[in-house]
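S.K.: Respectively, the protein sequence lines represent chains A and B. Per the numbering used here, the very first residue in the first sequence carries number 238; after that it's consecutive. Per the numbering used here, the very first residue in the second sequence carries number 38; after that it's consecutive.
Hints in this document: simulated from the structure, not taken from any laboratory. None of the values given here were measured: they were computed from a predicted structure.
Within a straight-line C-alpha distance of at most 25 Å, the following computed SDA-like cross-link-like pairs (lysine to any residue) qualify:
1) A/Lys242 to A/Gln252
2) A/Lys268 to A/Leu383
3) B/Lys83 to A/Tyr444
4) A/Lys271 to B/Val119
5) B/Lys83 to A/Pro446
6) A/Lys391 to B/Glu49
7) B/Lys83 to A/Gln384
8) B/Lys83 to A/Tyr300
9) A/Lys268 to B/Ser51
10) A/Lys271 to B/Asp118
11) B/Lys83 to A/Arg458
12) A/Lys399 to A/Pro429
13) B/Lys83 to A/Glu447
14) B/Lys83 to A/Gln449
15) A/Lys391 to B/Asp118
16) A/Lys498 to A/Gln252
17) A/Lys242 to A/Lys256
18) B/Lys83 to B/Leu72
19) A/Lys391 to B/Val119
20) B/Lys83 to A/Ala387
21) B/Lys83 to A/Asp450
22) B/Lys83 to A/Arg280
23) A/Lys399 to A/Ala457
24) B/Lys83 to A/Pro281
25) B/Lys83 to A/Leu456
26) B/Lys83 to B/Gln155
27) A/Lys391 to B/Ala48
28) B/Lys83 to A/Ser453
29) A/Lys391 to A/Pro309
30) A/Lys268 to A/Gly323
31) B/Lys83 to A/Leu452
32) A/Lys391 to A/Val421
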Amino acid sequence: MARGKEIRTKIRSVQSTQKITRAMQTVAAAKMRKAQERMRAARPYVESLVGIMRHIRAAHPEYRHPLLAVRPVRRATLLVVTSDRGLAGALNVNVLRAAVGLLKEWEGAGIQGDVAVLGNKGAAYFRRLEAPVVAQLAPLGDHPSLQSIAGVVKVVVDAYRKERVDRIVLVYNRFENTMSQVAVTEDLLPLPEPGPDVDRHRWDYLYEPEAQDVLSDILARYLETRVRGAVIENLASEQSARMVAMRAATDNAGRLIGDLKLAYNKARQAAITQEIAEIVGGASAV
Amino acid sequence: MDDFHVDIVNAERSLFSGDATLVVAPLRDGEAGFLPGHSPLLAALKAGALRVQDASGDEQAFYVSGGFIEVQPHHITVLADVGERAADIDEALAARAVEEAARRAEEQAGKTDYAHAQAELAQASARLAVVRRYHPQIPHRAPGRIR
Numbered sequence: 238m239a240r241g242k243e244i245r246t247k248i249r250s251v252q253s254t255q256k257i258t259r260a261m262q263t264v265a266a267a268k269m270r271k272a273q274e275r276m277r278a279a280r281p282y283v284e285s286l287v288g289i290m291r292h293i294r295a296a297h298p299e300y301r302h303p304l305l306a307v308r309p310v311r312r313a314t315l316l317v318v319t320s321d322r323g324l325a326g327a328l329n330v331n332v333l334r335a336a337v338g339l340l341k342e343w344e345g346a347g348i349q350g351d352v353a354v355l356g357n358k359g360a361a362y363f364r365r366l367e368a369p370v371v372a373q374l375a376p377l378g379d380h381p382s383l384q385s386i387a388g389v390v391k392v393v394v395d396a397y398r399k400e401r402v403d404r405i406v407l408v409y410n411r412f413e414n415t416m417s418q419v420a421v422t423e424d425l426l427p428l429p430e431p432g433p434d435v436d437r438h439r440w441d442y443l444y445e446p447e448a449q450d451v452l453s454d455i456l457a458r459y460l461e462t463r464v465r466g467a468v469i470e471n472l473a474s475e476q477s478a479r480m481v482a483m484r485a486a487t488d489n490a491g492r493l494i495g496d497l498k499l500a501y502n503k504a505r506q507a508a509i510t511q512e513i514a515e516i517v518g519g520a521s522a523v
Numbered sequence: 038m039d040d041f042h043v044d045i046v047n048a049e050r051s052l053f054s055g056d057a058t059l060v061v062a063p064l065r066d067g068e069a070g071f072l073p074g075h076s077p078l079l080a081a082l083k084a085g086a087l088r089v090q091d092a093s094g095d096e097q098a099f100y101v102s103g104g105f106i107e108v109q110p111h112h113i114t115v116l117a118d119v120g121e122r123a124a125d126i127d128e129a130l131a132a133r134a135v136e137e138a139a140r141r142a143e144e145q146a147g148k149t150d151y152a153h154a155q156a157e158l159a160q161a162s163a164r165l166a167v168v169r170r171y172h173p174q175i176p177h178r179a180p181g182r183i184r
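If we strip away everything but chain B, and leave its shape as in the complex, we get (with noise of 0.2 Å):
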């Protein structure tokens, strides 16, 4: 057995089941490869990108607001607050909903919804990072690699 079963759902639907051979998540502390026969772990998610690798090498890629993680040596289950694939993400409309995001964020600097608006404005970068990285629409300057 070299493969995992994976289910990844949100609230309102389930967005993939099937098998794959890596799952990479965004984990709190950074983002943590899977590979099947992993010890149980069970932990939280923020907002970013989550990939999923099948045998054939093809990876899929989503995008989850924050949530849970449960890893089993075959099985893993994603339970995303918000989470979409990123072929469904409209970029325009990510980069905008960044832009809003950020307004609001400025806005509310120093009142008591600040906290809320910089995490919006933190999903919503993290969804259109996800957008330009894994599925991009527009064609734009790639940023430089870090490295």
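One chain only, chain A, in its complex shape (with noise of 0.2 Å):
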């Protein structure tokens, strides 16, 4: 009964595997269910925030603010927002092979590309590419605070006011449901292009109380928002991605610890048949 003693141990293993999956599949639901609400909230704020900057990109004001300035681009930075823990799936897979893509484009183009990264896998990843990385910030956290982000977005936004880049492209996982979530890059700055909706000839707000005031607050605003968003989005995509891989693994587990039942039981049966065999001829022999 070796071969049947064997095939016990790789059973209870794999059990084992799966217990673990399980349990990672219920955290993940329930985080996930917690991260998703969190994204519905923040949500409308960042897309009315959007909304409004398409505007503010769209109206010619007096006032020249130093990050409404749309150069040529020669260097560019890619903000790059990953998970801290991998086991979900392709996740940071997409949003790195997406940020790698755009990198050698952007070579190919001959602009020169440096790159500032959120989470723990995208640190390691850049590390082990040895890209130039201006900025970090691993680990993220479950709940990353708007103070946390705001050195990496500071940090990045001060090259583009001092003219150091040109362009800043934001690189996350975009949460389409449960099942799907999406790589997108994104501008950060220079403002998102104007939709069709907007007046084409030259016109300006009147601010309250001044332009400066105003277009640096919300410019702030925009910047700290928008980037927290797209952490708040592929955190969301980081669980529930967690959270379908880890069902696919307790499913995997689940049909290995089946055809390892019925390897056994056939082999259980085949020993018997064999001794049985053994026993009638032994007796026809006598």
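Mind docking these for me? Both chains are given alone in their own frames, and the hints should help you get the complex.
M.R.: The structure is reproduced here in structure tokens:
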């Protein structure tokens, strides 16, 4: 019964793995619900703010704010949002592939690219790649605060302000639904292109109190909120992806256990049959 | 076209989305009313009441602690830092919050956090004023009209 025993050990090992993946699935499901709620709550604010930014891009302010400058792109920064932990399916792979693809594209176009990273996975990846990382925040944690993200945002935005970079692109996983998360690249600065709904004529806002104050405040708010929004989306995506990945793992373990049990029973049956055959053979010989 | 589309959002959710014929907002330099067709305007808000009136003359009041308002001829977006419907504010709790804030401001007098405490007191008072004015729950003597 040596073969039978081996299979039994294997079954036990797969069973304990299944227990772990099932626990991780449950934990991810609980975290996912909270993360999705937070994301749904944050979305309207971010979307409204982006809408206003499109209008500001279309306007012709008399006061030239340094963050409103649009320059020919010679240097660009990629702000990559990743998760802290793995075991979340293709989540980080997709984001990093999108990031590296864009960096290569820039290289081909003669644009000097550097990277700012949020999250352990991205930090480790770009360290291995020996890419020029200008700022990073790792680990990100489950509840990243605005203050913790603000540091990285400041480094990147100051570079734009001082004309050391001409474009900042955000890469993260947008949450579509529980089953699907898509790696997206979105421009943070210069401001997003105006949509078709805005007036193409020369116009400017009335500002209350002063153009400089209002624009500075709202731009600072926009940058922080936008990056934080991306982080929140990415967290929701992470938990969803992990739950789906762990459910697949649990199902696969179940299937594996089924197959192993079948193999075990066959082996046991074969051993018994053989034993009977031997006894019968022995009896007839006598 | 003689109405606006108005969106009021705070960092946690969307408070209001719909059409209106008049929006009154608390700008830094005082209240300002906006009618449809207004020139584009971008302004910072201070703590106070934000009112939205629709075509039938119904008015809804909101408390905002600060934030921004963007006015386009047929669209208004309000980004409130903290915002809630006047109807959702508990007057008694709001009154207690004012007392709390006043006490803290007094404690902090002359210290580094004084400005912060003062700002909080101003926000709490504005919030109480909003609920008293637009959604009173406790019968009280109306303050004498200033006129």
